[in-house]
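Colleague: Chains as they are written, first to last, in the working numbering: chain A, 405 to 748; chain B, 339 to 725; chain C, 78 to 393.
There could be a bad hint or two in this list.
[What the hints assert, rightly or not] Listed below are the simulated DSSO-like cross-link pairs for lysine-lysine, each with C-alpha atoms no more than 30 Å apart in a straight line:
id : chain 1 : residue 1 : chain 2 : residue 2
1  : A       : Lys662    : B       : Lys482
2  : A       : Lys666    : B       : Lys482
3  : B       : Lys711    : A       : Lys666
4  : B       : Lys482    : B       : Lys497
5  : B       : Lys465    : B       : Lys361
6  : A       : Lys644    : B       : Lys361
Simulated from the structure, these hints should not be mistaken for lab results. Keep in mind the model is a prediction, meaning the values are calculated, not measured.
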Amino acid sequence: MNLRNYIIRRILLVIPVLFGVSIIIFVILSLFSPEQRAAAFITDVKQLRNIKSVIKTYHLDAPLYLQYFYWLKEVLHGNLGWSRTASRPVLEALFYFLPNTVELGLFSIVPIVLIGIWLGSASAVHQNRFIDHLSRTIAIIGWSLPTFWFGLLLLMIFYGYFKGLFPPEALSTSTSLYVHSPNFVRFTHINTIDALLNWKGSVLLDALRHLVLPVITLTVVQCALVMRIMRSSMLEALGKGYVTTARAKGADEKTVIKKHVKRNAMIPVITVSGYLFAGLMNGVVITETIFNRKGLGWWWWRAAVQLDIPAILGAVLFNGILFVLTNLVVDLLYAYFDPRVRLG
Amino acid sequence: MNSYLLNVQDLKTNFYTYEGVVKALDGINFKIEEGKTLGLVGETGCGKSVTVLSILRLILPPGKIEEGKVIFKTDEKRVDLLTQTEVFMRKIRGNEISIIFQEPSSALNPVYSINDQVSESFLLHRKEELCKKVIEEIEADIQKNPFFLKKAVYQIEEKIYRKMLKDPDAILLRLLSKVPILRRYQHRLKKQAKRETIRLLRKLGIPNPEGVVNRYPHELSGGMQQRIVIAMALACNPKLLIADEPTSNLDVTIQAQILDLIREIRKRLDSSILFITHDLGVVAEMCDYVAVMYAGNICEMAPTRRLFKNPLHPYTVALMRSLPELGKKRLESIKGNVPNLINPPSGCRFHPRCSKAMKICSKEKPETVEVEKEHFVACHIYPQDNK
Amino acid sequence: MRLNLSFVNAKWDDLKREMEPRIKELKFSFSRIKKSPLSLVGLFLILFFVIIAVLAPELAPPKYPHNPYRIPRYGYSAIPRPPSPEHPFGLTEGQYDIYYGVIWGTRTAFRIGFIVVGSILVIGIVLGSISGYYGGIVDEIIMRVVDTFMSLPTLVLAMALVTALGRSLDNVMKALIIVGWPSYARLIRGDILTVREEGYVEAARAVGCSDLRVILKHVLPNAIYPLLIMASLDIGAMVLTAAALSFLGLGAPVGYADWGQMVSFARNWIVGPPDNPLAYWYTITIPGLFILFFVLGWNLLGDAFRDILDPKLRRR
């Protein structure tokens, strides 16, 4: 009962954020002339031939505050405009590019969280010893690394020097042809998962080879954040009275750390993991651009360079919704990890 | 005083901080006899809690136990805890010596239920007994002639528990405890521990123990939280119970209840208690012996009644004068401040505040002398042994 | 005359007595900096870049004095040329001089870092103070705006803004300012809410201190350390994001001395000819290392500030 109220309240809190995101998008949109804006309303590129009628149908000459509602109506009906760079409507394009990004995200978030938590807690437990200095140094260098540069360096070494060991793009040409042939059923459009479902080892191997460098790039940069938060919250938890209590009970140090310290230290990490996804999307744009991996980030980059306004606005909307959804999940996890919120 | 349970000799603990070395314990000596209660009294910051943590070797860096002996009687043998292995210490902690901490709200882990936290003590030190009970339970279940599949499961369970009884750290068991479904074999053990927990809470007079065990610390009142902390400490019937200011953060009425509870425990169990407090009134009520502590030293130790009747050390005298009393118009305070332990006063650490200070006081540290039977004082006023 | 002097002396003693704990703390802080090698490294890195930025006209005399940020090119061939005595770091794609680019790029980086972080500090402090001090509906609106901005990834939002404003370095800075201020506003607001409850602020108001004075005298000094830490870390982060935008082709115009753009010049030359795959290493490595060390310097400095100034952490 309490948990349900908690969830309902969390869901209600989402509304102002989504409203704010819509305002931001609309403000950006209104910086363009009506002719440029037209693309954000149409559903078919042919409509652009008669721009006057588009302006009229979608009230692009109405006062701004009215235009907002006309625009919002279109958005709520799923019409996000036409993307020139993807040659399809924005909403369709989002789903078209999503699988490659989801794949990259899934494969990166696991090492980011695991390594970050492991390094963070190891360095807190051995504070001021070698492992602490080492992991803090690694973290701060990782945090300072320009993602785009690090990715290019990796490409230089593993693609150039090791003769194409880990190539760019999402699949090699031959595999890509096979994947799009009728012999291969695309269940999810996520290459690795489809390869498993089709039980095709060669496809899986090829997809994994193409994933290695982007995943390393994202992990090295994003890990630092998790590690840093884990370390400081571990240090805080280590100083708490219940840790002494556990030791005084006769629990061994491993149990004390694992059971009593880590569980408490996880709570702040969970709180920020919503922002972790936002950081991940930053990385995804750069990583996909460098490795020419045709996912959402790559598309947004092309859109930004070629002034494809509807696609860029779609990107902002997508990220707003992503943030809201991840934060809902985070709140639920939070309720699971911290019994104190279940009451409140 | 030969039947002592704990004998602390010349215990020195330092903390190495940026500002300098804090000499928190400067060679303290005291004994606790079996079945008796010793009160350790002193101002805040005089090293009472450090003493407790040093006895159990729970001092963390930058703190370090420098020297001394903590002799404890276990299995009819006397061992020096400071020279034992960590494994041995873990068997002592929570089992033979346990602590009631002063702040229940921080002593309890907020993310675990009461049951999880109290059961932990049973699971750590009473695994064997629990295993035996579980095996009995399984045997009873098998007797009931269940469906053959279920029977097979029971038999496997029994095997696992017999294995656990023989070798609780077996690799097989550790592997099993990592596998999600197989991990459920521990269920019976945990249920047994929960039963013990409920029994313990009931014994401590906690209303509705079946409900309380499933609650989380933040759902309980301060007094109730302190009872849970006491329950955790009592789980394994320790020989020595250390109560570190168990009532200092509680309301007065609840303080009285908690003191009653400890008194009753003392009556029922034959454990010794080391009662740490800054409240002389509580000491008078609870303790057989009192040790007065000042700035990392024990300055006087005596049976409670004798100490109250005839305090010998100037600090004790001053402490008594600062107690409120009926008919007394003004409370006296001790002039000066608690000394900085990085640069403690030379000689007797009390001499800058002492009304009877002599020349020698700032030069030499006084020896502890037995002035009367069982009445020890460390002060230059009383003739020193070696002279 | 003598009287006057004694008055000054008395004042001076007062001041000394008042400042004594602060001086002690400061000494302690410096001893911490000396003890921590990483923060020293950070300090040296920043100093190194400051020197480069100041001496840029000496180190790399501009070819176009009216526009020193334009990188001189030595030909129009696309193929990079390796380091030589005239061009110590070589020539990148389009024969732009890498040495000149990274030297003057240091100035660009400092300009971006200081302008962006300086502006977001001011905006953040003003809006955060208004929000925290007046509360009510104003607070509600400002905080919802903050929430909204913080829900979006920096780079994606900045990309969208630059697209809308037009491609230029100034617009990159504007976009970063719009993206960056909310976290400062939130920090200041939180501090004001805590401080507002404190007795001394009540007292200050009771004796008739103006709101502005209360904020300036009592609230900001308490929040200054977290602000310093954040600002130091953010100079690094903002330069990094600006470099990323330039790399993506959304920042400085072609040929402008900017590290991010210099890395993007190298994009086509990551892999050399088959017999020597690392032939063009200098085009990518050098500008990248400049970005890395610049950001690292600020991050190390911010971290050092955190260790030194955070009262919760410092004495561990």
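Colleague: So, for every hint listed, does it hold in this structure?
Modeller: So, going through the hints one by one against the coordinates:
no.	hint	verdict
1	Lys662(A) to Lys482(B)	violated (40 Å)
2	Lys666(A) to Lys482(B)	violated (43 Å)
3	Lys711(B) to Lys666(A)	violated (52 Å)
4	Lys482(B) to Lys497(B)	holds (18 Å)
5	Lys465(B) to Lys361(B)	violated (40 Å)
6	Lys644(A) to Lys361(B)	holds (23 Å)
Hint compliance for this structure: hints 1, 2, 3, 5 are not met, and every other hint is.
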